[in-house]
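Undergrad: Spelled out from the first residue to the last, the chains are:
There are 2 protein chains.
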Amino acid sequence: MRDFSRDTSALALNTATLGHNFDGFGAGWPPERIIEACAERGFGGIVFWRRELDNQAREIGERVRAAGMQVVGLCRTPYIVGSGAPEQLDEARETIDVAANLGAPVLTIVTGGTEPETKGILESQKILAERVAVLSDHAADMGVKLALEPLNPMFGGNRTVLMTVRDAVRVCNWVGTANVGVAVDAYHVWWDTTIAESLREAGGERIYGFHLCDWLEETGDMLLDRGMMGDGVADLKGLRAAVEAAGYCGPCEVEVFSSRDWWQRDPGEVLDTIVERFRTVC
Amino acid sequence: MRDFSRDTSALALNTATLGHNFDGFGAGWPPERIIEACAERGFGGIVFWRRELDNQAREIGERVRAAGMQVVGLCRTPYIVGSGAPEQLDEARETIDVAANLGAPVLTIVTGGTEPETKGILESQKILAERVAVLSDHAADMGVKLALEPLNPMFGGNRTVLMTVRDAVRVCNWVGTANVGVAVDAYHVWWDTTIAESLREAGGERIYGFHLCDWLEETGDMLLDRGMMGDGVADLKGLRAAVEAAGYCGPCEVEVFSSRDWWQRDPGEVLDTIVERFRTVC
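In order, the protein sequences belong to chains P and S. The numbers in UniProt numbering rise by one with no breaks, and the one at position 42 of the first sequence is 42. The numbers in UniProt numbering rise by one with no breaks, and the one at position 172 of the second sequence is 172.
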């Protein structure tokens, strides 16, 4: 396993951790200030959300690289399966273009939920594979990779049809193109005792991202009550060992949705805490 | 697959569906009235919660049988792993005695969460196996079987260390006694695309219960927003096919926690709806 105790070059901030991508939360730091604060603290990269980029994706990407960091990724496409999804496929294509402008190598896909008039998730996964295949052609033209992110099964119904890494790998296999892989998020997969096997099956070259946060013992809200690394019950070192054993050696992206706690704090304090926890408990 | 379109003898009511086991909800029907209403509608059995039995478990059990139905089970032990669990093991033993008095063949175990000072779930599963082994000796003396119920992974942390049927089977194997099996609840496992394989591994003789409800596309509350069968996205017929293919031919227990909808309605209407949905969509 990589030793992070003195090396934060693999550490990336997902800007959702500062709250400003959700109405009414966060300190409202603009991208410029986030870039500066991350660079000062030795972060290796940043992941942005589309809404904070305005039409400045190219400029913001250049600013990140000028500060000595990488743009690690862009969050995320609109839902591409489930109720209302067909109307959003054009927007999904546009998001690929934004990722390319930003210089983000990876665009995350949160799939959306079960297709209308169907039950369960398998039929929706097949429709998902067809739509991702189409998107992946455009993404390949733009030099962008697509990361299918399985979500905790509590997000089934309206947010996801991928509940496990195994689900995501299955859809990758169905899509069959070279630029579609999997994002592994601790919050979503920490509970899966078959994860090491699924990650080996995926292989390091298809793992496009590794996201860090923690699962709080008392999780009070499905969406916005994630824990800072070390504050919960997830075995983060064990999970990273499994991800790295599968061959992944890329960035570790901290993504803490926390309306009750971390989004109420000064972003400087949040970033300092991330660095300390990354070195000690991840 | 069994044909339920004209036969409700396998249909059982979990009384939580009427809401009265939670403070402030439900119409407050006493057990006698529930028994009568279920018998009138052709239910084959009832599952009770301990709090509604007072010290009348024996009398209530006899009344169910006198009405031509079975007591299918008792919900449930207190948590036996996780914070505060060790202090509750005596109560778990007492609950086995209540199940025996009621004439309930099965007592459900919701495990509780991750053990203090540990991470993830595997270590807690081992401690769970040790404690269940001790309880199972007493349960065997009392003629009661223990059903380990995996919960949706969203209940990790403080409510469960069993997230899948596979997890539950693993712990059954570790316990290694003849009277410990698995309860399969549609709400908790509907999303699992490996479920058929896990159920085959369990085998029909270790499946101690099958619980019906539905997963709503828009689930607004983790605990109390379950759907009535047919109103959600779970593939209930597919799940029953998998359970029966594994060899299960026991009761199907309807358990709908629904503070916003079904707990607000007249229990007679709820029971009528259950019968109709059981015949048509399960």
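Honestly, I wouldn't trust all of these hints.
Heads up, the list lumps identical chains together, so a pair's fine if it works in one copy or across two of them.
[Unchecked claim] 25 Å max Cα-Cα, derived DMTMM-like pairs, lysine to aspartate or glutamate:
(1) K126 - E217
(2) K237 - E217
(3) K126 - E197
(4) K145 - E201
Bear in mind the hints are in silico, worked out from the structure with no lab data behind them. Predicted model, so just to flag it, every value in this text is computed and none were measured.
Undergrad: For this structure, which hints from the list above don't hold up?
TA: Failing hints: none at all.
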